[in-house]
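Quick note, the sequences are listed as chains R, X and G, same order. Residue numbering for the first sequence is 1 to 386, as defined by my numbering. Residue numbering for the second sequence is 387 to 692, as defined by my numbering. Residue numbering for the third sequence is 693 to 1184, as defined by my numbering.
Just so you know, not all the hints are guaranteed correct.
Okay, the calculated bits of chain G under chain R, using three or more residues with CB under 8 Å as the criterion [said to hold, decoys possible]:
1) 724-730
2) 778-787
3) 861-873
Hints were generated in silico from the structure; no laboratory data involved. Here the structure is a predicted model, which means the values were calculated and not measured. Glycine included, every Cβ here is placed at the ideal spot set by N, Cα and C.
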Amino acid sequence: MDLGIDPERLNACVQCGLCLTACPTYRVSADETMSPRGRIALMREVQDRGAPLTREVVRAFDTCVQCRACEPACPSGVQYGSLIEATKATLASRRGGWIRALAFAPLSRPRLLRAGSVLLGIAQRAHLVPRRLGLSARIPLWRAPLRASGDDVWMFTGCVMDAWQRDVHLATQRVLEAAGFGVRPTGAGAPCCGALHVHAGLHDRAVALARRTMDGLPGDAPIVVNSAGCGAALKEYGHLLGTDEARAFSARVVDVQEFLARHVDRLPTVEPLALRVAVQDPCHLRHVQRAHEPVRTVLRPFVRECVELDDEGLCCGAGGAYSVLEPGMAGQIRERKLSSIGRARPDVVASANPGCSMHLAAAGVAVRHPMEIVDEALRLSARAGR
Amino acid sequence: MGLTGALAERRDLVAFADEVGADGPVAVEGSRTRWSVGGEPIPGVRLVRAPSGVSAYLPEEMVVCVGAGTTVAELSSVLASSGQRCALPARGGTVGGAIAVGEQHLDVLGRGTLRASVLEVRYVSCDGRLVRGGGPTVKNVTGYDLPRLMTGALGTLGLLAEVILRTNPVPAASTWLRADGADPFAAFDALLHPSAVLWDGASTWVHLEGHPGDVAAQAAVLSRIAATTEVDGPPPLPPHRWSLEPSAIRGLTGRYVASVGTGLVLRDEPQPLRPPDAASLGVAARMKREFDPTGRLNPGRDPARR
Amino acid sequence: MRLASRTRPRRGVPERDAALVRELVAAVGAPNVRTDDAQRALLRRDASVFDGGDAGPVCFPRTAEEVQAVVRAARRHGRAVVPRGAGTGLAGGAIPLGAPVVVSLARMTSIGEVDRDARAVWVEPGVVNLDLTRHLRPLGFHFAPDPSSQQVCTIGGNVANNSGGPHCLAYGVTNAHVLAMDVVLPDGEMARLGGLDPEPSGLDLRGAFVGGEGTLGIAVRIAVRVTPNPPAVRTLLASFSQVRDAANTVSAVIASGIVPAAMEVMDQRITRAVENYVGAGYPLDAAAVLLAEVDGLPDGTAHDADAIARIAREQGATEVRLAADDRERALLWKGRKTAFGAIAQIAPDYYLHDTVVPRSRLADVLEQVYAIADRHGLMVMNVFHAGDGNLHPLLLFDAREPGMLDRVHAAGADIIEASLAAGGVLSGEHGIGVEKQAYMDRMFTPDDLDHQNRLRRAFDPECAANPGKVLPTGHSCADIQQLSSAARGLWV
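One chain only, chain R, in its complex shape (with noise of 0.2 Å):
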């Protein structure tokens, strides 16, 4: 059956299987039907052989975590990405989208989520929530407002994280307002980036997100993103909608570590933290924005140590939804990540991405955003020096 997919985008697979220890489901079961050279040669075998849709080809292309890890460690430059998002599509066609859809409609309508987040977190006071959901840290029933303080940049606040970590977003405007930018919030403008539809292979909406977001962020000013999972989405608005525009829209875009790193010079020098911080490069940084060096171009100056993980960058099991969807297998990607953060014995493990820090603060690990640990940094530099 025809899954979608451009046959010569197919067709640059040489299966020299370079990618397969960069990818974590093969990582964890040794099974190349897990892996991305074996799940383009399924694709092969269903798209242009005609082989049925059988249970273990579909379980092949539901595990995959979508890391990307492998397009890195492809020497071909095969788009893995775009495969598996074109099979997804398909599949979730296939089988009634619809369901996800509704469990995904919540994200772009901030309303619903927020109502639904406080009915969440009381759930979770109440012990009501499953474990293998994965919260860790308890959703928050009050939120500070933000604020905008000037136009130098838009801070992209999302869904999901805004109605969790708000507090991650207040950190990340306290510092860069500390570099000298005026910033403003996207709120309700943008509310979601699709970027989970995307990845659960709901194609059409995810493209009506992307045109809203872009409606709702007009001008040239950056657009500043502290979610690594978002601003891999944003930044693939050019390839999504194929448009002049949407390329000058994702253009736009920058990792606000990404961003920090360039005007580094322009953060007041203060006392460091005195931690051992081990970076975490959620994969959308690494793999798709390939823009994890900055992290610790930004943070270096604002710790006392900064340690690399020993894995390689391999995924953390997050996935966006991956881990509720996937538990079991997202659960033995974590124990590898886990085992590499015991052998840097950090104090703070720093996750530029929601997902991969909720994923492993419910494993027990303390984990902060890079740009919380710069803006304490500062706050207690300010305290010090009142």
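We have chain R already, so just place chains X and G on it with the hints.
Chains X and G in isolation, oriented as in the chain R frame:
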């Protein structure tokens, strides 16, 4: 084909094959320096001698093609004329004998193992044919590895006629140092690629080779561990070779000279037999049947009794 | 051998396997046996262009004893066994012929404690080559063989292929780094081959086993040598206006008595492709570049690096550059190691050859390779382990073009002939697999091949281990019985 043309056109090799023939027990005689390793040939066995002489030497390729009957001393002097050497042990005897026994050089850490240096073997099979295994290049994975199989086989699977060996440049500087009271394991750990670290339970002898500046720097490293004296060479070596796991050296008693990092130990008495496990003996027995079903090659010798 | 094709008929899971599968499940547990079409179809191939036909049941043992149990179960049913690591082989050594039981060793990944006295460590066969080196790095060691696929390929696969890599020039190929192995023989017995001691008793079956391409048994525990990390490393990049000058530099360096850790040459086409891919700072105008690395202690490496630079200039190098720091060094190596993939961005298909010639013949044979490609109307790029004469000509093509595969086939045959005529060998590191079986008699006489066959038969009298590989038709285990799907004919 290869370094010296087709084997069938090499008169010396063909003559050796004809001499070995296809019938009756036959053993190769070299210099008899390791004559009783793995058992002596049965009495009355017909003795033959392998061809000798260097038939091709290409220093820039780091390979030499040499008759198995050539003495190691003769080969060494040919190689030395081009500033090179090989991994064959310096204890004397013939090239073929050393390879058939599979004995390492005392400087194995610096020179590399003998088995890794045998690139190609040309031998006479039990039915008197000339057979070639391996190839003349330093890198080769073409087919099954007959050179490795023949090394250390005591001539029980085929009689070596000629071999191609990898050679290496002679290092610019070389020095032997004796360190009294040093922990030889600490010395081994502290040095990068020493050629030999020998220990008799009291003193440590270290052979350093390489670029002069590096040898001096390594000597300085050693002198920080213990007082060192420059010496002419290794201590007198007891006659019998023992092959131990390197960590077993720590528990040795009595008179010995042990090579740290390799597990080679020289002692006054021979090492007790240490037969391989039953499954690998089974493979070895099938190998013998495949290569010499009538048992005519070097009868009386057995690699598992080495 | 059949080339991977676009269409194929589908068959269901064979009923005749039911009893076998029950025993395999008893051996390794149900979650570790796969019989579904998806899995079996996937394992038809490795990284080569050959299609072996559907695999039989696929097992994922986790211990040596489970491997033994799988092999025994397969034997009881008269089925062959094919071991598989990461499936990165380029000669088709891991493809299943005759629907054998495939034994994936990828779940056996434990690494033992380093024996510092012996400079050795026991590992399981599924350990990834680069994972081992990363594991050893904090202890001050590494595993020396470093094939270009090292981030993926397994130690078990390295043993089967006697793998090389750029740094094998000074340190030797896998055979020099395997001290001992526990091996499940094709009859299901477990044997200890070799030992940590320097002169193990008995025949050197360890040495014979390495490079056996899975036809002699399955290594389930491997004691590998660990090599101390050199304190000093220098990496040079020399540019040349002619490929011949680069090749001659390599010969002259060795002739001068220097054995660098690595010497690699890339021609202009591949250098441009690589530069486009990684941006390592390779010169785009040079006809060839030589990447040379020396390591060891500071004085010797400085001396050797200077000497190599001088020799390169004498041989006509237009520029010689020393990598300024670790970052630049890593980038240069990244370019070299991803060279084959970078090609894939230029043409949809490529065929990578692997022959060895004497170093002094490099320049001549390279010129012949270019002429051969021209004659067949193909584009060729050259990137190779120049230090040990190991050529890797890459033929680029589009398989969809009619008649193309015949031309690629013919050009490949000519390259092999040219290499052999220059006194070289068929394969330096990829092995024979199914790729070069038909050429074995170009290098060896019938007597030579007969003796190789005897070596194999001693390990595997019943042709139970990876049949149909290495030796050409006419030798035992070379012809597969009851193999409906293996239509012989076209291959590239």
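Quick check: the region 778-787 of chain G, covered by chain R? Criterion 3+ residues, Cβ under 8 Å. holds (count 3)
Within the region 724-730 of chain G, is the number of residues with a Cβ closer than 8 Å to a Cβ of chain R three or more? holds (count 4)
Closer than 8 Å, Cβ to Cβ, for at least three residues: run that test on the region 861-873 of chain G against chain R and report holds or violated. violated (count 0)
Checked against the numbered hints given earlier, the structure breaks only hint 3 and satisfies all the rest.
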